[in-house]
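Chains as they are written, first to last, in my numbering: chain H, 1 to 149; chain Y, 1 to 146.
Mixed in with the good hints, there may be bad ones.
[What the hints assert, rightly or not] Just the calculated beta-carbon pair ranges, DEER-fashion:
hint: 1; chain 1: Y; residue 1: Asp15; chain 2: H; residue 2: Gln86; range: 46 to 54 angstroms
hint: 2; chain 1: Y; residue 1: Val17; chain 2: H; residue 2: Phe19; range: 44 to 52 angstroms
hint: 3; chain 1: Y; residue 1: Asp54; chain 2: H; residue 2: Ala48; range: 31 to 39 angstroms
hint: 4; chain 1: H; residue 1: Asp125; chain 2: Y; residue 2: Gly50; range: 25 to 33 angstroms
hint: 5; chain 1: Y; residue 1: Ala98; chain 2: H; residue 2: Glu50; range: 38 to 46 angstroms
hint: 6; chain 1: Y; residue 1: Gly122; chain 2: H; residue 2: Gln86; range: 48 to 56 angstroms
hint: 7; chain 1: Y; residue 1: Gly50; chain 2: H; residue 2: Ala103; range: 49 to 57 angstroms
If you're looking for bench data, these hints aren't it; they were derived computationally from the structure. Ideal Cβ placement from N, Cα and C applies to all residues, glycine included.
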Amino acid sequence: MTTTSRALLLIEDNEDDVFLMKRALKGARVCNPLYVVEDGQEAVNYLAGEGKFLDRSVYPLPAVVFLDLKLPLMSGHDVLAWIRRQKDLDSMVVIVLTSSNEASDLSRCYALGANSYVVKPPTPDQLEELATAFKWYWLEYNEFQDEKS
Amino acid sequence: MSTHRAILLIEDNEDDVFLMKRALTGARIGNPLFVAEDGQEGVDYLGGAGKFGDRSRYPLPGLVFLDLKLPFMSGHDVLAWIRGRKELDTLVVIVLTASNENQDVVRCYELGANSYVVKPTGPDELGDLAKAFKSYWLEYNQFTDA
């Protein structure tokens with residue numbers, strides 16, 4: 001069963017990377033609604049449903065978050081730690097997507113509760129291959145918590 | 001690609017072990033595979049108890065496939081035990097179970113599962129899962145060094 005209806009949230013401040021990720025997901029025929037927030041604080045606001053994000057019919061809780069680590073205002077590590085302190089976000093899948101392949105970042109993200117850690121592929125073609133692999137595993141096979149109404 | 005890290009399958013049903021081995025081989029997954037046949041053996045393996053203390057023979061895996069219905073100690077309890085061990089923080093745990101109950105899904109994520117997959121029904125479907133698993137986890141996911 002393919003998960004096509006659940007939202008994805010991309011937390012990424014670099015607009016080139018946002019553009020490339022959107023293109024890669026489209027190229028991989030990932031049809032899920034994609035939302036983008038551009039800094040760590042906005043990510044927390046989105047996930048907490050604060051301010052304009054209060055309306056979940058407009059800004060649904062995502063099943064999967066792609067999280068960059070180097071973010072303005074609040075780092076990706078801090079966003080991840082915040083997510084894992086929220087009981088109602090326990091079942092949200094967080095995939096760290098970063099240019100860092102430092103062992104310390106890797107260990108720290110897993111310790112903070114990341115579901116997966118991926119280094120950003122260097123070319124658009126390789127990013128699309130990642131999007132294809134993501135779709136195949138996560139959207140075809142992984143079970144997500146039932147959507148809360 | 002992560003080809004060298006060991007994979008540990010915690011599964012008591014020998015038919016399922018056979019089918020999983022065949023699916024992984026069919027997907028050309030060359031990582032060394034170890035099997036623990038109940039929850040207690042899973043914990044002993046990961047904790048390096050008894051014979052499992054010899055890490056040259058029983059290497060610490062990068063990833064665990066964990067069944068939920070296990071003798072002696074349930075998969076939930078194994079998962080809770082793993083996530084209580086600081087040194088196993090970076091171990092990837094994929095729950096592989098026959099249950100698609102939402103409460104099992106929620107509980108496993110709460111306990112710190114990295115992913116939750118319902119066992120496909122036929123050998124061919126299990127082979128497809130093994131290929132999808134390889135394409136994402138072994139090609140893209142970063143594991144810590146052994």
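Cross-check of the supplied hints:
1. Checking the proposed 46 to 54 angstroms range against Asp15 (chain Y) and Gln86 (chain H) shows it is violated: the Cβ atoms sit about 40 angstroms from each other.
2. Taking the beta carbon of each, Val17 (chain Y) and Phe19 (chain H) are about 46 angstroms apart, inside 44 to 52 angstroms as hinted.
3. The hinted range of 31 to 39 angstroms is not satisfied by Asp54 (chain Y) and Ala48 (chain H), whose Cβ atoms lie roughly 48 angstroms apart.
4. A beta carbon spacing of about 49 angstroms between Asp125 (chain H) and Gly50 (chain Y) contradicts the range 25 to 33 angstroms that was offered as a hint.
5. At about 40 angstroms, the beta-carbon gap between Ala98 (chain Y) and Glu50 (chain H) stays in the expected band of 38 to 46 angstroms.
6. Range check, Gly122 (chain Y) to Gln86 (chain H): about 38 angstroms between beta-carbon atoms, so the 48 to 56 angstroms window is missed.
7. Distance hint for Gly50 (chain Y) and Ala103 (chain H): a CB-CB separation of about 30 angstroms, inconsistent with the stated range 49 to 57 angstroms.
Checked against the numbered hints given earlier, the structure breaks hints 1, 3, 4, 6 and 7 and satisfies all the rest.
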